[in-house]
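Chemist: Sequence:
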Amino acid sequence: MHIYFSLGTNLGDKEQNLRLAVQKIEERIGKVVSLSAFYTTVPWGFSSENMLLNGALCVDTLLTPIEILRLTQEIEREMGRAHKSINRTYSDRPIDIDLLLYGDLVLDTPELKLPHPLMQERRFVMEPLVEIAPELVHPVLKKKMRELFNFKCDQ
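For the sequence shown, position 88 (counting from the first letter as 1) is numbered 88 according to the numbering used here, and the numbering increases by one without interruption.
By construction, these hints were calculated from the structure, which means they are not laboratory data. All residues carry an ideal CB built from backbone N, CA and C; glycine is no exception. Be careful, since some hints might not be right.
Stated by the list, open to error - Calculated cross-link-like contacts (lysine-lysine; reagent style DSSO-like; alpha-carbon spacing at most 27 Å):
#	residue 1	residue 2
1	Lys113	Lys142
2	Lys113	Lys143
3	Lys14	Lys143
4	Lys113	Lys31
5	Lys144	Lys113
6	Lys24	Lys14
7	Lys31	Lys14
8	Lys113	Lys24
To be verified - Simulated restraints on C-beta separations:
#	residue 1	residue 2	range
9	Arg70	Val32	18 to 26 Å
10	Asn150	Asp13	30 to 38 Å
11	Glu111	Pro134	28 to 36 Å
12	Glu78	Lys31	26 to 34 Å
Work the whole structure out from these sequences, hints included.
Modeler: Structure below.
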């Protein structure tokens, strides 16, 4: 199964944070099929003096979405993230790993929503994702990632 992640960091050695997260994802979740370039972006949804570094990756896995969620949260904790965003209140972070897409699966549980409900509104998610998967079709919106990026992104 091909799955897609968004990665972000704005604390510490940002490039090293992203590379370490990719390494841990490959060790625990599955083979990295593709990795975008890293993009410097302004904070979204919160104020900070620290710019973010973002990327996207595609991974081939046999794990379930809930197993993946637990493993990514474990990786975030190991890398120094004390807590996830609560009620869309965001803050500085050494790493943020978001599962964007799990094949064509549509899932809506209190713990996990797939596809990621805000992905198409966030340039820092879509720009790296379009780099590695421009023709990938959003399972709910039924549009290619490049089309969503061209028409939906706000910043």
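Chemist: Please work out if Lys14 and Lys143 have their alpha carbons no farther apart than 27 Å.
Modeler: violated, 32 Å
Chemist: Are the Cα atoms of Lys113 and Lys142 separated by 27 Å or less?
Modeler: Between Lys113 and Lys142 the Cα gap is close to 17 Å, so the pair holds against 27 Å.
Chemist: Has the given pair, Lys24 with Lys14, been kept, meaning a C-alpha gap of at most 27 Å?
Modeler: The hint holds at about 15 Å.
Chemist: Hint says 26 to 34 Å; check whether the CB-CB distance for Glu78 and Lys31 agrees.
Modeler: Violated, since Glu78 and Lys31 (Cβ atoms, about 21 Å apart) do not stay within the stated range.
Chemist: Assess, step by step, whether the Cα of Lys113 is no farther than 27 Å from the Cα of Lys31, and give holds or violated.
Modeler: With Cα atoms ~23 Å apart, Lys113 and Lys31 stay inside 27 Å; holds.
Chemist: So the hint says 30 to 38 Å: do the beta-carbon atoms of Asn150 and Asp13 match that?
Modeler: holds, 33 Å
Chemist: Look at the Cβ atoms of Glu111 and Pro134 and judge whether their distance stays inside 28 to 36 Å.
Modeler: holds, 30 Å
Chemist: Given the hinted pair Lys31 and Lys14, is their alpha-carbon gap at most 27 Å?
Modeler: holds, 22 Å
Chemist: For the pair supplied as a hint, Lys144 and Lys113, is the alpha-carbon distance within the 27 Å limit?
Modeler: Distance of about 19 Å is within 27 Å: holds.
Chemist: For the range 18 to 26 Å, tell me whether the beta carbons of Arg70 and Val32 fit it or not.
Modeler: holds, 19 Å
Chemist: Against the 27 Å threshold, does the CA-CA distance of Lys113 and Lys24 hold or violate the hint?
Modeler: Holds, at roughly 23 Å.
Chemist: Under the criterion that the straight-line Cα-Cα distance not exceed 27 Å, is the pair Lys113, Lys143 satisfied?
Modeler: holds, 18 Å
Of the hints listed earlier, those the structure fails to meet are numbers 3, 12, in rising order.
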